[in-house]
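Student: Here is how the chains run, residue by residue.
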Amino acid sequence: MKKSILISSILAVLFIILLNFNFNHSGVLNYVSPKSMYPFVPQYLTTSVLIIAPPYFPNTTGKIIDEGGYTLGNFWLNWSLDPSDNITSYKIYMTDNEEVGFNFSNFNVSLPRYANNYTDITANQTSKRFYVVRAENEYGSDNNTAVWGKYDINFINTEENKGMNLISIPVQPLNSSIKEVIIQNESNYKISTLYRYNSLERKYDVLFYIPSLGGWTTANGQFVSFEPGYSYWVKIKDNITYPFGGDFCLRNVSIQLYNTSDNEGMNLVGWSSIKRTPIKEAIIQSGTNYNITEIYRYNASSLTYDIIHYIPEEDRWTNASGKFTHFEPGYGYWMKTRENMTWLYLANNLTWGS
Amino acid sequence: MKRLFLFLAVIITLNLTWAVSDFEPNYVAGFVKNSDGSPVEDGFPIAILVLSGENKDYVLETKVGGELVDPFMKNKGYFETGDDFHFNTGDAFAVIADNGTHYGLYSGIFRLGGNGGFSTNEVLIIINQTKNLSNQEIKSGFDFNYSYNIPVLRGNASKTIFDFEKESLNYVEVSDNYLKKKSEVKIFYLLILLISLILIAILIKLRKSKKSK
Chain C
1 MKKSILISSI LAVLFIILLN FNFNHSGVLN YVSPKSMYPF VPQYLTTSVL
51 IIAPPYFPNT TGKIIDEGGY TLGNFWLNWS LDPSDNITSY KIYMTDNEEV
101 GFNFSNFNVS LPRYANNYTD ITANQTSKRF YVVRAENEYG SDNNTAVWGK
151 YDINFINTEE NKGMNLISIP VQPLNSSIKE VIIQNESNYK ISTLYRYNSL
201 ERKYDVLFYI PSLGGWTTAN GQFVSFEPGY SYWVKIKDNI TYPFGGDFCL
251 RNVSIQLYNT SDNEGMNLVG WSSIKRTPIK EAIIQSGTNY NITEIYRYNA
301 SSLTYDIIHY IPEEDRWTNA SGKFTHFEPG YGYWMKTREN MTWLYLANNL
351 TWGS
Chain Z
355 MKRLFLFLAV IITLNLTWAV SDFEPNYVAG FVKNSDGSPV EDGFPIAILV
405 LSGENKDYVL ETKVGGELVD PFMKNKGYFE TGDDFHFNTG DAFAVIADNG
455 THYGLYSGIF RLGGNGGFST NEVLIIINQT KNLSNQEIKS GFDFNYSYNI
505 PVLRGNASKT IFDFEKESLN YVEVSDNYLK KKSEVKIFYL LILLISLILI
555 AILIKLRKSK KSK
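Residue numbers (my numbering), protein chains in the order written: chain C, 1 to 354; chain Z, 355 to 567.
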């Protein structure tokens, strides 16, 4: 009798453990919190759901469509199809506000199981748009959180600024080569020069657009792609709004800051994130252990920098008239450091809704 | 005649407000103290004069404890200009702190990232000079009619921004050309000014001769 009680107890425990695990499409055992199970599936069916309907994660990518010249801004999404027959449709969720995020209870577009791409022809009507693609079967959808989309940056050209704008790109493009990101041609080009600062050598690497070649100079063996953590001076011919497309996934950005006798501790850095973040949250330092003493944000309209200073005595940044308090997407920043250091920040630290 | 004067005024204004920025952040910040070492009161007038370079003779006026100064640094004799696009790395500048009867001076070369700050005494102005105002009207602040004896530094803070453009003349419009264009335009304006003055003189002469007839 005791033996049978023991065996049935062990079996019961094993059954409970089994209830709390799930296999994903690649056969790896994943723990699933019972709370996150599909709410519309009756609990008595839970076991069968977990076994027969592993969610399929479509491997999504996306980019701005080259429609020729500057009628840019529409977005093309592409994803891998589920090789099994489990998927019934693909649902596309959209939002124009990263703070609000997605409403995953209401999809924007539904596509059949054989569709593996979607073009949003209304994306150019908004300055930013974000997308998530989720696979769905008869029991519900996966919880894919790969966010792709576009973010527009405004460039100002005046007689005084000579068309010079300091920017950073808040997205990680699918292909970050300059030619893929800056889509223009001989008959219709607005961006003429790109500059990337080399803090160690205190000089700029420069790329010029050569209309006749439809490409960028590479003579100096300089940079060929946009990289996270960098700011770029962009010289334009006219006022333009330019869309940058890519993914907005959570990632760490690491930037090496230098202080040499030549550069006086000045480094040009980029805020490669869609999330507007308080300076104090992005730079972790204290009054007794700090390196970054000044941050400068360029204003292309006034041609001046807003400047904030670190006050070690009060472990805070100055907060007077005309000062800024957050790192914001699209802006480029100078940063002054007392010593060589690595600045690490978390990009796109957003919930994106539920 | 009125239209002509208006035209001239516009031209002169345009000519005077033309400025060139090097796109680098520059500022001047520091302390102003009385000769006994105590900080001057907030509101003490400050002028920063650009003494060399494209924006020579540009003047920025501010005050000790001005609006760009953090509350933390109020009432400590501290001033801060913030960035100004007339401030270019490598150009000489002077700071005049003048309350109308006494003044102090500082001169330097604009450095990338700024000169001075609240954690350094690099820019320290002592009000230790008395103005000789026998023939001058006393003003509440600094006075550009007054002859300050400013030592102009000729140092050369290393300048990086967009100097490379000079090496790339073959590719695109460059700052060198821009500067040349600017000086050409200046000459153009001066020529128009000269011609206009001659025309005015001729008009006045013609009027006078008509009247005498």
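Honestly, I wouldn't trust all of these hints.
[What the hints assert, rightly or not] Below, in silico cross-link-like pairs of lysine to aspartate or glutamate (EDC-like), each with a Cα-Cα straight-line distance of 20 Å or less:
hint, chain 1, residue 1, chain 2, residue 2
1, Z, Lys428, C, Glu281
2, C, Lys162, Z, Glu408
3, C, Lys323, Z, Glu408
4, Z, Lys387, Z, Asp424
5, C, Lys280, C, Glu227
6, C, Lys323, Z, Glu421
7, C, Lys323, C, Glu281
8, Z, Lys430, C, Asp238
9, C, Lys237, C, Glu159
10, C, Lys91, C, Glu136
11, Z, Lys410, C, Glu160
12, C, Lys179, C, Asp152
13, Z, Lys430, Z, Asp396
14, Z, Lys417, C, Asp306
15, Z, Lys428, C, Glu313
[What the hints assert, rightly or not] Label-pair restraints from in silico Cβ distances:
hint, chain 1, residue 1, chain 2, residue 2, range
16, C, Gln125, Z, Gly454, 55 to 61 Å
17, C, Glu159, Z, Leu545, 40 to 46 Å
18, C, Ser254, Z, Asn486, 47 to 53 Å
19, Z, Asn503, C, Asp315, 42 to 48 Å
20, Z, Val374, C, Asn239, 16 to 22 Å
21, Z, Ala373, C, Asn252, 54 to 60 Å
22, C, Thr325, Z, Asn388, 42 to 48 Å
[As the list claims (entries may be wrong)] Here are a few chain C residues that face chain Z, going by a calculated C-beta distance under 8 Å:
hint, residue
23, Lys91
24, Ile153
25, Ala320
26, Leu346
Treat the hints as calculated values from the structure; they're not laboratory data. Please read all numbers here as calculations on a predicted model, not as lab measurements. We put the beta carbon where it would ideally sit given N, CA and C, even for glycine.
Student: Against this structure, judge whether each hint is valid.
Tutor: Quick rundown of the hints versus the structure:
no., hint, result
1, Z/Lys428 with C/Glu281, "26 Å, violated"
2, C/Lys162 with Z/Glu408, "15 Å, holds"
3, C/Lys323 with Z/Glu408, "28 Å, violated"
4, Z/Lys387 with Z/Asp424, "18 Å, holds"
5, C/Lys280 with C/Glu227, "24 Å, violated"
6, C/Lys323 with Z/Glu421, "10 Å, holds"
7, C/Lys323 with C/Glu281, "17 Å, holds"
8, Z/Lys430 with C/Asp238, "46 Å, violated"
9, C/Lys237 with C/Glu159, "11 Å, holds"
10, C/Lys91 with C/Glu136, "7 Å, holds"
11, Z/Lys410 with C/Glu160, "17 Å, holds"
12, C/Lys179 with C/Asp152, "18 Å, holds"
13, Z/Lys430 with Z/Asp396, "8 Å, holds"
14, Z/Lys417 with C/Asp306, "18 Å, holds"
15, Z/Lys428 with C/Glu313, "15 Å, holds"
16, C/Gln125 with Z/Gly454: 55 to 61 Å, "59 Å, holds"
17, C/Glu159 with Z/Leu545: 40 to 46 Å, "21 Å, violated"
18, C/Ser254 with Z/Asn486: 47 to 53 Å, "60 Å, violated"
19, Z/Asn503 with C/Asp315: 42 to 48 Å, "43 Å, holds"
20, Z/Val374 with C/Asn239: 16 to 22 Å, "21 Å, holds"
21, Z/Ala373 with C/Asn252: 54 to 60 Å, "41 Å, violated"
22, C/Thr325 with Z/Asn388: 42 to 48 Å, "35 Å, violated"
23, Lys91, "46 Å, violated"
24, Ile153, "17 Å, violated"
25, Ala320, "5 Å, holds"
26, Leu346, "26 Å, violated"
Checked against the numbered hints listed earlier, the structure breaks hints 1, 3, 5, 8, 17, 18, 21, 22, 23, 24 and 26; every other hint is satisfied.
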